Structure formats: structure tokens, C-alpha cells
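Novice: Here the protein sequences come in this chain order: A and B. Under the working numbering, the final residue of the first sequence carries the number 207; numbering is consecutive throughout. Under the working numbering, the final residue of the second sequence carries the number 258; numbering is consecutive throughout.
No wet-lab data here; the hints were simulated from the structure. Careful, some of the hints might be misleading.
As the list claims (entries may be wrong) - Pair ranges (Cβ atoms, derived):
no., chain 1, residue 1, chain 2, residue 2, range
1, A, Gly60, B, Asp136, 50 to 60 Å
2, A, Cys115, B, Arg164, 14 to 24 Å
3, B, Lys15, A, Arg107, 35 to 45 Å
4, A, Glu54, B, Pro110, 25 to 35 Å
5, A, Ala36, B, Asp41, 31 to 41 Å
6, A, Pro102, B, Glu152, 31 to 41 Å
7, B, Asp167, A, Gly50, 39 to 49 Å
Claimed, not checked - Residues from chain A that keep clear of chain B, each with C-beta distances beyond 12 Å, as calculated:
no., residue
8, Ala36
9, Arg66
10, Ser71
11, Gly99
12, Pro130
13, Glu135
14, Ala157
15, Glu164
16, Lys176
17, Gly190
18, Phe200
19, Cys207
Since the model is a prediction, treat every value here as computed from it, not as a measurement. The C-beta atom is built at its ideal place from N, Cα and C for all residues, glycine as well.
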Amino acid sequence: MIAIIDYEAGNLTSVRLGLEYIGVECEITNDPVKIASAERVIFPGVGAAGAAMEGIRQTGLLEPIREVVASGTPFLGICLGTQIIFEFSEEDGGTPCIGLIPGSAKRFTPSDPMCKIPQMGWNTVEIRRPHPLFEEIEDSSEFYFVHSYYPAPSDPAYIIGETEYADVRFASAVGKNNLFATQFHPERSGRIGLKLLENFSRWNGKC
Amino acid sequence: MLSKRIIPCLDVRNKKVTKGVRFQGNIDLGDPIEMAVAYSDGGCDELVFYDITASAERRPIDIEMVREVGRVIHIPFAVGGGIETLDDMYRVLLAGAEKVSVNSLAVKNPPIIAEGARQFGSQCIVLGMDPVRCDDPRFPSGYEVTIRGFRERTGIDALEWAKRAEDLGVGEIVVNSVDADGTRDGFELSLTRMISTSVRIPVVASGGAGTPKHLIDVFNEGAADAAIIASMIHTGEYTIGQIKDELVRAGVPIRRKW
Chain A
1 MIAIIDYEAG
11 NLTSVRLGLE
21 YIGVECEITN
31 DPVKIASAER
41 VIFPGVGAAG
51 AAMEGIRQTG
61 LLEPIREVVA
71 SGTPFLGICL
81 GTQIIFEFSE
91 EDGGTPCIGL
101 IPGSAKRFTP
111 SDPMCKIPQM
121 GWNTVEIRRP
131 HPLFEEIEDS
141 SEFYFVHSYY
151 PAPSDPAYII
161 GETEYADVRF
171 ASAVGKNNLF
181 ATQFHPERSG
191 RIGLKLLENF
201 SRWNGKC
Chain B
1 MLSKRIIPCL
11 DVRNKKVTKG
21 VRFQGNIDLG
31 DPIEMAVAYS
41 DGGCDELVFY
51 DITASAERRP
61 IDIEMVREVG
71 RVIHIPFAVG
81 GGIETLDDMY
91 RVLLAGAEKV
101 SVNSLAVKNP
111 PIIAEGARQF
121 GSQCIVLGMD
131 PVRCDDPRFP
141 SGYEVTIRGF
151 RERTGIDALE
161 WAKRAEDLGV
171 GEIVVNSVDA
181 DGTRDGFELS
191 LTRMISTSVR
201 IPVVASGGAG
211 TPKHLIDVFN
221 EGAADAAIIA
231 SMIHTGEYTI
241 GQIKDELVRA
251 GVPIRRKW
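Next up, chain B with everything else stripped away, as it sits in the complex (with noise of 0.2 Å):
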């Protein structure tokens, strides 16, 4: 059977893991090709790094951390901040990532997107999409798509542009809920529901993560592929192992060797 997969996220700021709460109020945490090998070593399924201020510094991606981690890790792992171009994608994918994430470039260029899956494979282009709540008739599912971190709002639909990314050809979707980011209170599982029984592709939760039980939750309940998870981890309160000995626990199917 399938295994659910666990992804620890490393936000990644001038070399340093960082953490906020809802994109705000960072510190630093360690450097991110230690973490990423002991997280590999301690049973990740995979892994995902943000250069989180490349986007707002406007350079490209810290290519060179992405070639380090390559060499030091072997499961996949997905790159996002700061692509701009399919020649970024192309770079990021060459330096040894598996995946390239994309969020305000997909608002943005839309057809970048279709263009990258094509030219790259589906399977390498993941959507990021940062929904926040917003009831106002003009967003039906209830959520309206953020980008920027939150920054900026596009009066799009967050299950209409799930759909659409999967019409463009995006081989996996990261949904990351603003309103719980960071807040470690457990995903915001309607929400996940909401469009991982919409669209055919894999969908990864995120934002919220704290205990062992908001991933069993998001797993049976918010019908999540994959999950993401971040401060319960970086603080040192869970280790990937523990995490994984209670969805065993709730029999979640888990990969349990490695």
C-alpha cells in the first residue's frame, strides 16, 4: 500500500532555517544541510526548502545549497522561492531537486506552468498555494488564493485555481493554509478535504502541524497524500520517529524502514 508521506519544511533565510508564524516574527534554527540530513536519517519521506526571502530580494535561488543537499541526501526533496523563469526551474532541477515549487509565479504566468510540466515532466512541478478564509460570495469554496506570503490577495477562488492548476499539467499541489501557518492548532482540514477529493492529483497539507494527532487527522479526515510539518520537529518537542510510531499506532499506512 501507499504510504502516507511525512515532509519536513525547511524555510530557508540568508543560509539559516528559519520559523515565523503566519510568514512573520522568524528566528533562526540551525543550518540547512544538517537539518536536512538528520531529518533524512531520522525518517523523513521527503523533504521541501523555501529560500524564503529570494521572492522579495528579487535574486535567484541559493543554487548551491540546492547542489550541497543533493549530494548529501537521497529521497526527493522540492525547491521553491524566487523561480521566476523555466531556466530557474531548469537549474534547480539540474543542481539535483526532484521537484520545483511554484506559487506567486503560477498567478502570475499561468502558462509558465503548463510550459515547465511539459518540458520537464508533471511530477517535477509542484503548486504551492497559500488560501486564507474569506466569506465573501465571490469565492465559493470559501477561500480566497493568497500570494507574496500573504502579502497579497488575487480574487481567485482556491478550489477553482486547484482545479485549473491541475488542467495546466502540475503534478502535486501543497496546500498551505495562511490562517493556520505556524500556529501549530492542526490543519485546517475541511480545507484540505475540500480539494484533495477535487482534483485527481496528490495533495500535500500544510500549516498547522503540532502533535502526532493533527496528522492522523489530516491524513483520515482531510483525505491529505502527504503532510507537511515544521516548528514540532525544528523545536526538538517530536522526533520524525515518534511521529511515525503514533500513525502507525492509528494505522495510517507508513513507511516504518529506512
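Looking at chain A on its own, in the form it has when it is part of the complex (with noise of 0.2 Å):
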């Protein structure tokens, strides 16, 4: 069983429909027991990280999330899920976030006026280094983004794989243990997300 974490940030419907797609079982919940006793956990998240934060507050579930995470449950980020599972982000003035990658989630500052914001659409992955999740993906495989916000790992050791916007190459795709997070929708990027999100189900957290 795949726990879908609800913390009201989004539509969580496509991510359920991925997974139902190719045939595993999963379940959106914000109840902390089910998520503690999860197989598997995703985190997935559109819209802005203060209100994002605002709804893990109330709805309890930031120590739960974290504790999964220190348990060695594999746990998938997607979106905004992915940037707030850093230490901070730059979204609403400047919002404190879970804090289990070191780094941030900064602003696309284009030169370029005509550069779009958000950035809307299939863009390439380039993989960085081998990772379960990305078996039989070749690279530079392209996948669905919508963000104006990028994962900015401190340490470039968690970067698995780097996409490029914006007079930007950012993480696209982080690492760390049972933790893996995309900025880009799997569930959203066709056969090539799908076999992403086949992977997670067969993953066992370790690299």
C-alpha cells in the first residue's frame, strides 16, 4: 500500500489515477497512523509552500512526515511536495520548510523578459548519477513541469538529475536515502512518468 500524504495542497487525484493505472494499491490520507505504517509514502503538492506549510501545521503532520522519513520508508516528493522537503523557500516572503535536504526552493530570476514564468510543459532530465527510480529511463527523457520555483540542494551529492531554465541548471530530481523527489510530475509525464512511478513501487529505499 502507497500512502498518498493529503495535506490539502492540491489536486491528488492524477497521482492516485497514475498508480491505480498500473496496478497498485494506494490510498490518500492525512491520517498519521496510516501513513507510519505505509509500505510507501508520496508527497506530492501543487500551489505555494506558506499555505503549504500553513496546512502540514494544522493538519499535524510534520513530525509524522518526518518520522517516516527517518524510519527508511521510501518516500517520493512530487512538486511542491519536492520543495519543502528542503530546509526553506523563497515562495510568500520567505517560508521555513521540513527541512530534510539541506538547501532551498529559489525563484526563476530570468534575464531574459520574454522568459516564461511559470515554467509550463515537457522539458529534458538529464540523469546525474544511476538511481532505482530512473531503471530502464533513458536520459534526458523529457517529463512534465509546471513550477516557478527550483530545488537548489547545498550539496550537490543529493542531485540525481539536472534540467535546465530559465539561465538555470537545477536539481530536477534530489536524493538522499529512502528519500527521492521530483521537481517535474511523474503522474503527469505520460508512459516514461508511469514507469518512474513503477519503479517507486518495486523501490526498497536504498541506492
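Two chains, two frames, some hints: make the complex.
Specialist: So, in C-alpha cells, the structure goes:
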């Protein structure tokens, strides 16, 4: 069973539909007991960092999230879920976040005024080091992105995949032990994205 | 590099995909679910569904169709037509759509767009606009916004409306040229370029796609971030793969593997 954490930050339907399509059992939940006992956990989210952190505090999920990651349960962050596992986000005037990986989420500040924000659409992910979640996925495959802020880990050792947009090469996939997180949406990235979800559904949390 | 997006548009009426010229004389083309799967497997980057009679028949959008689409394709899709309330938006998103497209509603009730963007996130609120060429000093951009499928003029300047929508918090604007719709004579490049270079959010060109050359032009000259196609693939004249091959040859950044 995969627990999809519901902290009232956006629409979780597409994640559920993606997992159901590949035949993986899942449940959308904000119950700390179910999260603690899940075989794997997905931490999605869209919207703004400030409201998301507020939602996490109000639903009492801050400690349960930290504990399930510390316990070694395979954990997948997606989009906003990825940004707020860092220590800090520049969004909403600066938002302290969960702090599971050292670093922050930074705003795109392109020099070209014609460069659109958010980045919306398909972009390539260059795999920087092999990871079980990228198994059987070709290097430079394209995934679907929608975001105005990007993950910036303070230690490059956490970078698994990189993507270029708005004058920066940013960490579009990061990993630390049983924690893996993508800025892109695997559940919206067609067959290749479903492959990543399938890899996650079999992952034991080891690299 | 971020790829330009190719977005097939499925106008749905009575559970069938249909296509007309300038919103008139529609003929049925096929089953929306089967077509969605075929286009997704064929390499389209996103899809958009318009329940084109929901608004006129004053009924809510066909939510069961949205659910079924969400179950079978796993790329982003937008849904429009018959969205009247925040609850309508919520139901469409909860059924599995990535985005809701609002058009007449945005003109009639702008605050609801701002509220939708605040509640669900800007990225899932798409403004659809149907500008028509209009040589009248009241419209400095040369285009007036129409609603209800060109049946009603609004007195609003197209460029001014695009900027206003950006301020309201929409995440993307679909510019559907009434003059070019269904003609297959090419996109209205100057209109697309004017709007795309005046806002900071992505702009999707719509109306007039007939050949791969039209798409090359709308990305290069029209500065579009994405383009909607319909007749040229619905008729079977082109496949998405063929269109993408031509775009790649022309040097347009395009998603090539799926």
C-alpha cells in the first residue's frame, strides 16, 4: 500500500489515477497512523509553499512526515512536495520548510523578459547519477513541469537529475537515502512517468 | 530546453467529438475517450476538451467523461465548457483534469477567476479567449473579445483583457482567433505574437492550424508557447508524429520520445 499524503495542497487525483493504472494499491490520507504503517509514501502538492506549510502544521503532519522518512520508508516527493522538503523556500516572502534535505527552493529570475514564468510543459532531465527510480528510463527523457521555484540542494551530492530553464541548470530530481523527489510530475509524464512510479512501487529505499 | 507543446482539441457534443468552421456546421468525428488515447499514444503533449453544448444547454459539464479520460491518459488535459462556479472547477479538477478552461465566465465574473486561482493554484486556471478582428478605435489592439462561441461581443479589447487575466491570476491563456477558427489557413500570427509578448504567462495559439508549416510559423513568428490543432489530425490527414518530425526539422524544440 502506498499512502498519498493529503495536506490540502492541491489535487491528488492524478497521482492516484497513475498508480491505479499500473495496478498499485494506494490511499489518499492525512492519518498519521496510516502514513507510519504504509509500505511507501508519496508526498505531492501544488500551490504555494506558505499555504502548504500551514496545511501541514494544521493537519499535524509535520512530525509524522519527519518520522516516516527517518524510519527508512521509501518516500517520493513531487513538485511542491519536493520544494518543501528543503529547509527553506523563497516563496511567500520566505517560508521555513520541513528540512529533510539541506538547501532551499529558489525563484526563477530570468534575464530575458520574454522567458515565461511558470515553466509549464515538457523538459529534459539529464540523469547525473544512476538511481533505482530511473531504471529503464533513458537519459534526457522529457517530463512534465509546472513551477516558478526550483530545488537548490546545498550539496551537489543530492542531485540525481538536472534540467535547464530560465538561465539555470537546476536539480529536477534529488535523492537522499530512502528519500527521492522530483520537481516534475511523473503522474503527468505519460508512459515514462508511469515507469518512474512503477520503479518507486518496487523500490526498497536503498540506492 | 522547454519543448513547444502540441495540443489536440476535442470539441465534444453528445459524447462525440465534433468539428465545425467558425463555430458552425459541426460534424461528428468519433469517441472522445478513444481519440484521447490515440492522440496520447501518438505523442501529443497535452489535450483539451470542450463540452461545447454544456453552456448553451445550461447544464453542468459531463463529469463522467472527464473521469474516464483521467483513467486512461496520463498527460495533462484541460476541460472547458459549462464552468459556472468554483464548485464546477473543483469537480473537474477532482475528476482528474489538470486544468479548467474558462471563457464566458471570466468575462461575466472576473473575481471568480481570481478566487479559483487562489484556491486551486494558477497553474490549473486557463483563460480561453475568442478575439475577433475589429477596426474600431475603441479597441487599440485591433481585436475585440467575443463570448458564447462568437455569438456575443463584449466591448473589451483583447490585449487589455489578456493583461487583466494575468493580473487576476490565470496560469495560461488560450488565444483562439475567431477569424481563423476552422479555416486551416494558418494561425493569426500577429495576434498571437502581440499577446504572447505582452504577458509573462504561457500563451497557447488556437484557430487555423492546417499544415505543419502553420505550427512552425506560430512558434517562430507568433512566439506561442503551445499550439492547438484539431481538423488536421481529426481528418487523418496528418499524424502527430508527422507534424513533430517537420517541427524538429525546422529546429523547433519538441518532445520527441514518449
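Novice: Please list, smallest to largest, the hint numbers that this structure does not respect.
Specialist: As far as the earlier hints go, 6, 7, 15 and 17 are violated by this structure, in ascending order.
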